[in-house]
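Produce the entire structure from the sequences given, and follow the hints as far as they go.
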Amino acid sequence: MKLFEYEAKQIFAKYGLPTPQGFLAKTAKEAREFASLINAPVAVKSQILVAGRAKSGGILFAETPVEAERATQQLLERKIKGVKVQSVWVEEKIAIKKELYFGITVDRANRCYVAVASAEGGVDIEELAQTAPGKIVKVIINPVYGFRTYHARQIAKKLGYVGNQMTDLASVFLRQYKVAMDTDAELAEMNPLVETANGKFVAADTRLIIDDNALFRHQEFKSRSMEEAELTPQELQAQKNGLAYVKLDGDVGIIGNGAGLVMATLDAVQIFGGRPANFLDVGGGASADMTAVALDIVLSDPDVKVVFINILGGITRCDEVANGILEAQKRVGLTKPMVIRLVGTNEEEGRRILTDAGIHVLDSMEEAAQKTVEIIGSGGE
Amino acid sequence: MGVLVDKSAKAIVQGITGTQGSFHTRLMIEYGTQIVAGMTPGKGGTSVHGVRVYDTVQEAKDASNADASIIFVPAPFAGDAAFEALDAGLKTIVIITEHIPVRDAVQVMYMARKEDAVIIGPNTPGILTVGECKLGIMPAHVFRKGVVGLASRSGTLTYEIAAGLSVRGLGQSTCIGLGGDPIVGLSFIDVLKEFERDEQTKAVALIGEIGGNFEELAAEFIATEGYSKPVVAFVAGRTAPPGKRMGHAGAIIMGSTGTAASKIEAFREAGVLVAEKPSDVAKLLARKLDKKA
Numbered sequence: 001m002k003l004f005e006y007e008a009k010q011i012f013a014k015y016g017l018p019t020p021q022g023f024l025a026k027t028a029k030e031a032r033e034f035a036s037l038i039n040a041p042v043a044v045k046s047q048i049l050v051a052g053r054a055k056s057g058g059i060l061f062a063e064t065p066v067e068a069e070r071a072t073q074q075l076l077e078r079k080i081k082g083v084k085v086q087s088v089w090v091e092e093k094i095a096i097k098k099e100l101y102f103g104i105t106v107d108r109a110n111r112c113y114v115a116v117a118s119a120e121g122g123v124d125i126e127e128l129a130q131t132a133p134g135k136i137v138k139v140i141i142n143p144v145y146g147f148r149t150y151h152a153r154q155i156a157k158k159l160g161y162v163g164n165q166m167t168d169l170a171s172v173f174l175r176q177y178k179v180a181m182d183t184d185a186e187l188a189e190m191n192p193l194v195e196t197a198n199g200k201f202v203a204a205d206t207r208l209i210i211d212d213n214a215l216f217r218h219q220e221f222k223s224r225s226m227e228e229a230e231l232t233p234q235e236l237q238a239q240k241n242g243l244a245y246v247k248l249d250g251d252v253g254i255i256g257n258g259a260g261l262v263m264a265t266l267d268a269v270q271i272f273g274g275r276p277a278n279f280l281d282v283g284g285g286a287s288a289d290m291t292a293v294a295l296d297i298v299l300s301d302p303d304v305k306v307v308f309i310n311i312l313g314g315i316t317r318c319d320e321v322a323n324g325i326l327e328a329q330k331r332v333g334l335t336k337p338m339v340i341r342l343v344g345t346n347e348e349e350g351r352r353i354l355t356d357a358g359i360h361v362l363d364s365m366e367e368a369a370q371k372t373v374e375i376i377g378s379g380g381e
Numbered sequence: 001m002g003v004l005v006d007k008s009a010k011a012i013v014q015g016i017t018g019t020q021g022s023f024h025t026r027l028m029i030e031y032g033t034q035i036v037a038g039m040t041p042g043k044g045g046t047s048v049h050g051v052r053v054y055d056t057v058q059e060a061k062d063a064s065n066a067d068a069s070i071i072f073v074p075a076p077f078a079g080d081a082a083f084e085a086l087d088a089g090l091k092t093i094v095i096i097t098e099h100i101p102v103r104d105a106v107q108v109m110y111m112a113r114k115e116d117a118v119i120i121g122p123n124t125p126g127i128l129t130v131g132e133c134k135l136g137i138m139p140a141h142v143f144r145k146g147v148v149g150l151a152s153r154s155g156t157l158t159y160e161i162a163a164g165l166s167v168r169g170l171g172q173s174t175c176i177g178l179g180g181d182p183i184v185g186l187s188f189i190d191v192l193k194e195f196e197r198d199e200q201t202k203a204v205a206l207i208g209e210i211g212g213n214f215e216e217l218a219a220e221f222i223a224t225e226g227y228s229k230p231v232v233a234f235v236a237g238r239t240a241p242p243g244k245r246m247g248h249a250g251a252i253i254m255g256s257t258g259t260a261a262s263k264i265e266a267f268r269e270a271g272v273l274v275a276e277k278p279s280d281v282a283k284l285l286a287r288k289l290d291k292k293a
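These protein sequences, in sequence, are chains A and B. Just so we're aligned, residue 1 is where the first sequence starts under my numbering, counting upward by one. Just so we're aligned, residue 1 is where the second sequence starts under my numbering, counting upward by one.
Source of the hints: derived by calculation from the structure; they are not laboratory data. Think of the CB as a built atom: it goes at the ideal place given N, C-alpha and C, for glycine as much as any other residue. Warning: the hint list may mix true and false statements.
Claimed, not checked - Straight-line Cα separation of at most 20 Å, SDA-like style, residue types lysine to any residue; simulated pairs:
hint : chain 1 : residue 1 : chain 2 : residue 2
1    : A       : LYS138    : B       : MET254
2    : A       : LYS330    : A       : ILE359
3    : B       : LYS193    : A       : ASN110
4    : A       : LYS55     : B       : MET254
5    : B       : LYS283    : A       : ASP363
6    : B       : LYS10     : B       : THR56
7    : A       : LYS81     : B       : GLY243
8    : B       : LYS244    : A       : ILE80
9    : B       : LYS277    : A       : ARG275
10   : A       : LYS157    : A       : PRO133
11   : B       : LYS244    : A       : ILE209
12   : A       : LYS138    : B       : LYS277
13   : A       : LYS2      : B       : SER256
14   : B       : LYS244    : A       : GLN270
Stated by the list, open to error - Footprint (simulated), chain B over chain A, 3 or more residues, beta carbon under 8 Å:
hint : region
15   : 36-46
16   : 105-116
17   : 142-150
18   : 176-187
19   : 197-210
20   : 214-220
Take a look at the structure:
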């Protein structure tokens with residue numbers, strides 16, 4: 001789960017990480033009031049979850065409260081990277097001497113967390129890692145030792161700092177690590193982490209992405225995710241029901257069990273010339289009820305012209321899925337053509353249930369993908 | 001024969017009294033797997049499908065001489081369950097559970113390395129050595145005994161491809177689900193090494209997906225180590241957009257890292273044949289094995 005910049009900054013501040021003084025404004029008038037409170041030039045930053053907002057004009061600067069009001073008005077009327085801006089963060093503009101990067105993230109190949117730093121922050125760190133890997137400092141974090149003071153000092157030194165600045169910077173790194181561990185972050189970063197004109201360190205921009213699988217121990221985030229995240233009605237319903245759903249731009253609705261199989265189903269539909277409208281994984285051991293919910297979500301997407309259900313049962317039982325399809329039929333009616341492929345655990349029972357209800361079942365995934373694309377080609381009949 | 005588990009494996013089931021634990025215990029026993037004990041805290045003294053249940057892993061191990069465990073415990077407690085298995089000295093641990101936090105998985109993997117134990121998963125369908133042992137939830141009927149070693153990051157896609165192989169008369173030695181999470185116990189390189197040593201295995205199929213760089217690392221390993229057995233790969237997620245988690249916690253393109261295109265290119269450069277559709281895996285393997293014969 002991605003947090004907004006302002007949410008991340010509020011958490012960082014709780015841990016004693018230096019952040020610029022700032023306020024969340026939902027109207028231009030509020031922004032003007034906050035700018036006069038700050039009583040100095042401000043940055044007006046649109047609060048959206050997609051990265052790369054600066055490049056897309058999502059951050060404006062203002063010398064006066066009136067300018068801040070105007071900038072906010074502009075941002076609130078716009079879409080940045082396809083997302084409507086709902087609020088802005090008005091914060092004191094800082095005098096930058098140097099921009100650094102520091103982040104804690106997951107190193108999958110080494111199966112641990114890793115601290116990543118660079119003396120050249122404020123840029124896309126991945127791009128930098130590819131074009132100039134020598135400018136990146138990495139410390140792999142041993143899960144038993146953890147990230148300790150000496151690691152933090154090592155990194156500060158490698159970034160070129162000595163004396164008090166080295167220890168100051170090290171303490172910023174340590175606090176950031178504490179935030180990452182306490183919040184179960186899969187990414188906690190300061191980019192840029194600014195060295196100010198007077199030699200202090202301030203987290204000018206922050207990102208915090210929480211491990212979705214750890215939300216059960218973070219009730220504080222769970223309640224928030226429903227209300228504020230930038231979700232479509234289908235995404236929201238999927239999230240509420242714990243289903244993995246991703247909206248895509250085609251017209252073939254796809255439901256399957258198992259992420260790999262659903263991805264391969266999307267790929268197969270595309271290979272046969274179709275365009276997937278979504279990814280929906282009902283997951284392992286899907287019940288009849290969950291199948292009905294999944295079908296309901298896909299059918300409610302106006303872009304979907306045909307639905308392809310691809311089930312290969314392992315932990316999922318075909319009879320449960322079949323009952324779910326019938327349940328959905330009762331609940332919402334099957335308004336769109338459907339292609340069903342059903343094999344695996346309890347498949348005889350599943351096929352019998354659907355066949356008895358007059359629903360035809362296929363047993364080859366590729367044949368079914370092809371059939372789905374043919375239905376689209378014939379105008380959905 | 002086969003790798004990591006064979007008919008001598010003696011396993012306990014952690015979470016045996018739950019719906020999934022109990023259902024799959026029956027299927028594993030039917031397959032011929034030696035399920036020697038079960039474990040659910042508070043249910044000690046009961047039994048499930050004739051398997052005696054204990055309150056702790058240590059008790060279960062002491063009573064049964066088990067060397068492996070399969071875990072069906074809900075995610076918030078699964079990390080703890082794995083630690084308990086490691087601490088009791090079990091050396092092969094299959095974690096079926098999905099949605100385990102990364103922070104817990106990182107700790108488990110570190111301790112497993114220290115204990116010289118193998119973790120399969122989390123978020124895996126398990127492991128199956130055909131005709132000998134199934135520690136997992138795969139539908140057994142799709143597999144046939146043979147010479148193809150299969151390793152995959154996905155569950156159902158593995159069954160899809162294994163069924164395709166079986167239909168074409170290409171049986172399997174061992175099928176391993178690495179798991180769909182960002183942090184898993186085995187990499188493609190680990191299993192390639194296992195299959196290299198196994199006499200039954202004559203060719204390897206790797207089923208990858210977007211996210212991480214296990215496929216790229218495997219390709220590099222195959223190219224630089226001069227891998228002796230033919231390898232065919234399939235990579236799911238060509239149509240996946242960046243920044244979106246495609247079902248598995250580990251299936252996500254971060255920036256430009258982890259795309260299907262990058263993995264496919266790495267495999268091709270290493271001389272690995274890449275299947276376009278799941279059914280092509282069998283065709284390509286048949287061609288490779290014919291040529292070799």
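- Item | Unsatisfied constraints (hint numbers, rising) | 12, 15, 19
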